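Number of protein chains: 6
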Amino acid sequence: MPDVAVSRVEHFNAAHRLYVPEWSDETNANIFGKCSNPNFHGHNYMLIVKVTGEPDETTGFVIDLKLLSDIIKQEVLMRFDHKNLNLDTSEFKQINPTAENIAIAIYNLLRSKIAPALQLKITLYETERNFVEYPAS
Amino acid sequence: MPDVAVSRVEHFNAAHRLYVPEWSDETNANIFGKCSNPNFHGHNYMLIVKVTGEPDETTGFVIDLKLLSDIIKQEVLMRFDHKNLNLDTSEFKQINPTAENIAIAIYNLLRSKIAPALQLKITLYETERNFVEYPAS
Amino acid sequence: MPDVAVSRVEHFNAAHRLYVPEWSDETNANIFGKCSNPNFHGHNYMLIVKVTGEPDETTGFVIDLKLLSDIIKQEVLMRFDHKNLNLDTSEFKQINPTAENIAIAIYNLLRSKIAPALQLKITLYETERNFVEYPAS
Amino acid sequence: MPDVAVSRVEHFNAAHRLYVPEWSDETNANIFGKCSNPNFHGHNYMLIVKVTGEPDETTGFVIDLKLLSDIIKQEVLMRFDHKNLNLDTSEFKQINPTAENIAIAIYNLLRSKIAPALQLKITLYETERNFVEYPAS
Amino acid sequence: MPDVAVSRVEHFNAAHRLYVPEWSDETNANIFGKCSNPNFHGHNYMLIVKVTGEPDETTGFVIDLKLLSDIIKQEVLMRFDHKNLNLDTSEFKQINPTAENIAIAIYNLLRSKIAPALQLKITLYETERNFVEYPAS
Amino acid sequence: MPDVAVSRVEHFNAAHRLYVPEWSDETNANIFGKCSNPNFHGHNYMLIVKVTGEPDETTGFVIDLKLLSDIIKQEVLMRFDHKNLNLDTSEFKQINPTAENIAIAIYNLLRSKIAPALQLKITLYETERNFVEYPAS
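Residue numbers (the working numbering), protein chains in the order written: chain A, 82 to 218; chain B, 82 to 218; chain C, 82 to 218; chain D, 82 to 218; chain E, 82 to 218; chain F, 82 to 218.
In case anyone wonders, no lab produced these hints; they're calculated from the structure.
Fair warning: there could be bad hints in the mix.
Since the list gives no way to pick out one identical chain from another, each pair is judged satisfied if it fits inside one copy or across any two copies.
[Stated by the list, open to error] Cut-off 20 Å, straight-line C-alpha distance, at most; resulting in silico cross-link-like pairs (DMTMM-like, lysine to aspartate or glutamate): (1) Lys115 / Glu91; (2) Lys115 / Asp162; (3) Lys154 / Asp84; (4) Lys194 / Asp137; (5) Lys147 / Asp162; (6) Lys202 / Glu135; (7) Lys147 / Glu107; (8) Lys202 / Asp84; (9) Lys194 / Glu135; (10) Lys147 / Glu91; (11) Lys202 / Glu91; (12) Lys174 / Glu138; (13) Lys174 / Asp137; (14) Lys194 / Asp145; (15) Lys115 / Asp145; (16) Lys115 / Glu156; (17) Lys174 / Asp151; (18) Lys194 / Glu156; (19) Lys154 / Glu91; (20) Lys174 / Glu209; (21) Lys147 / Glu209; (22) Lys115 / Asp151; (23) Lys194 / Glu209.
These numbers come from a predicted model, not from an experiment.
Using the sequences plus the hints, can you model the full thing?
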């Protein structure tokens with residue numbers, strides 16, 4: 082029987098700035114445009130965490146979505162919600178906080194908290210019109 | 082040439098209760114929390130049915146979405162809309178009506194009504210923030 | 082200076098049945114159709130609570146939306162979320178749980194918890210396509 | 082004949098911090114919670130500008146929504162989009178950038194750019210679940 | 082006791098062209114831009130019909146939303162859905178099919194079908210970002 | 082390390098008619114129903130363009146979404162927005178403008194503008210309830 086995927090949607094609000102420290106301010110402005118504003122800007126991020134596996138025969142759950150929501154709150158929202166991603170977190174000290182890199186960081190934060198038999202996928206909306214998925218397939 | 086997928090979105094409203102009959106009420110309450118309220122609660126389910134195949138050379142359709150909508154109404158909405166999934170349906174007499182199990186039941190109801198050359202996938206939103214997919218890939 | 086309105090969106094999931102106890106089952110079925118299914122059906126209700134008044138000169142708040150959210154959780158969600166509105170609540174023992182009557186009940190539950198100088202308005206979505214407002218203006 | 086209202090939806094992304102300079106950091110943290118994080122957080126603001134009046138007999142327009150969109154971009158988005166509302170704008174040097182105060186500021190920026198015979202109303206979503214209206218009626 | 086408002090959301094898809102027949106093609110293009118493309122373009126219109134009054138003491142309904150939906154389908158959708166508003170309807174032979182004028186036409190089509198004691202208001206979305214209301218208040 | 086997918090959402094409004102020129106008007110009406118109205122109808126199309134690959138180590142971008150948006154505007158929106166797909170475009174002179182065929186046409190317009198190392202996928206919503214994906218997997 083094929084696997085089932087279950088997904089939980091969560092939200093967080095954060096400030097960030099796209100910025101490569103090895104580059105001059107002028108190069109950062111050329112490459113990242115207004116996303117490199119030195120005083121930061123911010124987003125309401127919408128996060129979708131998908132967990133794929135076999136439903137338990139008795140409960141019918143792949144994973145209890147209440148439990149998944151608690152794990153996301155503990156591991157992701159407590160770190161990133163109402164924070165400045167560049168200044169207040171350890172994840173983006175050396176890494177540019179693009180949507181791609183935030184999605185990879187969230188995957189890495191969650192992977193060890195989900196049973197290894199279950200697959201994990203992250204979808205992150207930076208705005209209603211820009212979003213990323215990791216892993217892509 | 083790669084296949085094309087077409088999807089139709091439908092809605093139904095139903096009551097349910099998460100409940101394993103072999104368990105005591107206390108165990109059901111511990112595992113399923115307020116989702117096990119003995120008097121039921123309910124949802125506006127959003128259902129997405131995806132059909133994948135080769136578009137017909139003349140019409141340009143993989144499947145006529147009006148026809149697909151009629152099949153979903155006949156096979157799924159007439160069974161589940163404005164019903165109590167635990168009490169009013171045969172599908173969830175022995176099986177816990179989790180979103181996972183409802184998606185699998187909908188797949189099984191529709192599979193024989195869609196031409197075998199076409200692939201079928203079900204996505205079911207229980208709330209805006211909890212949804213499932215079957216098969217997962 | 083004109084007043085400012087602030088709104089908070091919350092959600093709850095409940096079962097209900099439209100039903101007038103003085104009527105026969107046949108009359109209930111004729112008037113309320115499948116909404117009168119004896120075993121109940123359910124909805125994801127979306128609730129918007131609007132509070133109107135003058136923003137505080139120092140804080141800039143009409144009302145702290147975190148506080149408003151807590152009041153709604155305490156007064157409305159604890160009563161109605163994951164409940165059967167007909168069987169599990171005192172509000173709909175004698176009154177038909179139409180969206181209109183649920184909105185009026187929520188207004189009455191919240192009115193005394195909000196400062197009298199502030200105006201209150203309830204908007205309640207029963208589905209994405211059916212919603213009510215009280216008071217209307 | 083009654084008036085007609087036309088509305089245009091726009092979006093901007095900004096960083097901000099709720100903060101009263103006359104208060105200690107401790108008081109700011111007590112009153113504004115995580116919204117007072119010193120390194121800022123941010124939002125995708127959704128802005129709805131409503132203009133009410135009589136449609137022109139020939140064109141059928143109350144106001145050309147393309148023109149209204151251009152005015153909003155010129156007056157509001159160029160000031161606030163991808164900015165830090167506390168540091169990068171003159172409007173919130175002395176005023177706390179709550180959603181209420183941002184809506185009032187946007188009203189004041191737009192009022193003189195819209196013909197006096199037309200009424201103006203601002204709706205501002207800070208998140209999907211928190212929004213404000215000015216003037217309230 | 083204040084009145085209650087109930088609203089029903091419906092959708093229709095139509096082609097149109099903004100065009101004043103007394104004007105030259107050049108003037109039409111200058112004023113209406115690409116909305117005046119001679120071969121038409123089209124929209125998915127979202128229509129919200131709001132009816133305001135006193136709920137019936139027994140049923141709890143201001144108006145049965147199933148009945149309201151049927152009236153809208155009969156009077157509006159059968160006229161406008163999958164039609165060319167300029168060519169296929171009598172309403173826009175002499176009148177420019179702006180969102181403002183379509184909302185007024187819908188109001189006029191529905192007004193006599195709704196009991197006179199009930200107030201009526203039309204909201205029409207031409208796109209997700211452009212919408213109109215009639216009457217405005 | 083797995084690939085990352087980034088997506089950009091754009092919108093366009095167009096008129097179309099489903100129609101096979103080799104068929105009689107009667108056959109077209111039988112097969113395509115009201116979608117074959119000779120005077121056309123129209124839609125607000127929502128287009129999602131997904132690009133999959135490895136993020137650049139320095140910028141953290143798979144592709145700059147501002148650049149992707151510009152490519153979509155240049156190649157797709159300038160061709161299709163506010164146009165009659167049957168009459169105003171070369172793509173649908175011989176091919177029925179079903180959602181399936183529009184998605185394939187958009188894929189073909191964009192494929193050569195995106196670096197060959199990157200995968201491309203098109204999702205096209207014709208209405209909120211009907212959408213297609215190409216390639217399907």
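Now for the hints, and whether the structure bears them out:
In this assembly of identical chains, Lys115 and Glu91 lie within 20 Å of each other by CA distance solely across copies; the values are 17 Å between and 27 Å within a copy. With identical chains, the CA atoms of Lys115 and Asp162 are at most 20 Å apart between copies only, with a shortest distance of 9 Å across copies and 22 Å within one. In the homo-oligomer, the alpha carbons of Lys154 and Asp84 never lie at most 20 Å apart, since the shortest distance is 26 Å inside one protomer and 26 Å across protomers. Taking CA atoms no more than 20 Å apart as the test, Lys194 paired with Asp137 passes inside one copy only; the shortest distance there is 18 Å, against 28 Å between copies.
In this assembly of identical chains, the alpha carbons of Lys147 and Asp162 lie at most 20 Å apart whether taken from the same copy (19 Å) or from different copies (15 Å). When the C-alpha separation of Lys202 and Glu135 is checked against a cutoff of 20 Å, the pair qualifies both within a copy, at 16 Å, and between copies, at 16 Å. With identical chains, the CA atoms of Lys147 and Glu107 are at most 20 Å apart between copies only, with a shortest distance of 18 Å across copies and 46 Å within one. In this assembly of identical chains, Lys202 and Asp84 lie within 20 Å of each other by CA distance both inside one copy and across copies; the values are 14 Å within and 12 Å between.
For the identical chains of this complex, Lys194 and Glu135 are intra-copy neighbours only, at 17 Å inside a copy versus 25 Å across copies, given an alpha-carbon limit of 20 Å. Taking the shortest alpha-carbon separations for Lys147 and Glu91, both the intra-copy value of 12 Å and the inter-copy value of 17 Å come in at or below 20 Å. Proximity of Lys202 and Glu91 under a CA criterion of 20 Å is satisfied intra-copy only: 14 Å inside one chain copy versus 24 Å between copies. In this assembly of identical chains, the alpha carbons of Lys174 and Glu138 lie at most 20 Å apart only when taken from different copies (15 Å versus 44 Å within one copy).
In this homomeric assembly, Lys174 and Asp137 come within 20 Å of each other (Cα to Cα) only across copies, at 17 Å, whereas the closest approach inside a single copy is 40 Å. For the homomeric pair Lys194 and Asp145, the shortest alpha-carbon distance inside one copy (13 Å) is at most 20 Å, but the shortest distance between copies (32 Å) is not. For the homomeric pair Lys115 and Asp145, the shortest alpha-carbon distance between copies (13 Å) is at most 20 Å, but the shortest distance inside one copy (41 Å) is not. Taking CA atoms no more than 20 Å apart as the test, Lys115 paired with Glu156 passes between copies only; the shortest distance there is 17 Å, against 30 Å inside one copy.
In this assembly of identical chains, the alpha carbons of Lys174 and Asp151 never lie at most 20 Å apart, being 26 Å within a copy and 31 Å across copies at closest. For the identical chains of this complex, Lys194 and Glu156 are intra-copy neighbours only, at 9 Å inside a copy versus 35 Å across copies, given an alpha-carbon limit of 20 Å. For the identical chains of this complex, Lys154 and Glu91 are neighbours both inside a copy (8 Å) and across copies (18 Å), given an alpha-carbon limit of 20 Å. Taking the closest pair of Cα atoms, Lys174 and Glu209 never come within 20 Å of each other, the shortest separation being 26 Å inside a single copy and 30 Å across copies.
In the homo-oligomer, the alpha carbons of Lys147 and Glu209 lie at most 20 Å apart only across protomers (14 Å), although the nearest pairing inside one protomer, at 25 Å, exceeds that limit. Taking identical chains as interchangeable, the C-alpha atoms of Lys115 and Asp151 lie at most 20 Å apart only when they sit on different chains, with a minimum of 16 Å there against 35 Å within one chain. Taking the shortest Cα distances, Lys194 and Glu209 never come within 20 Å of each other, neither inside one copy (28 Å) nor across copies (24 Å).
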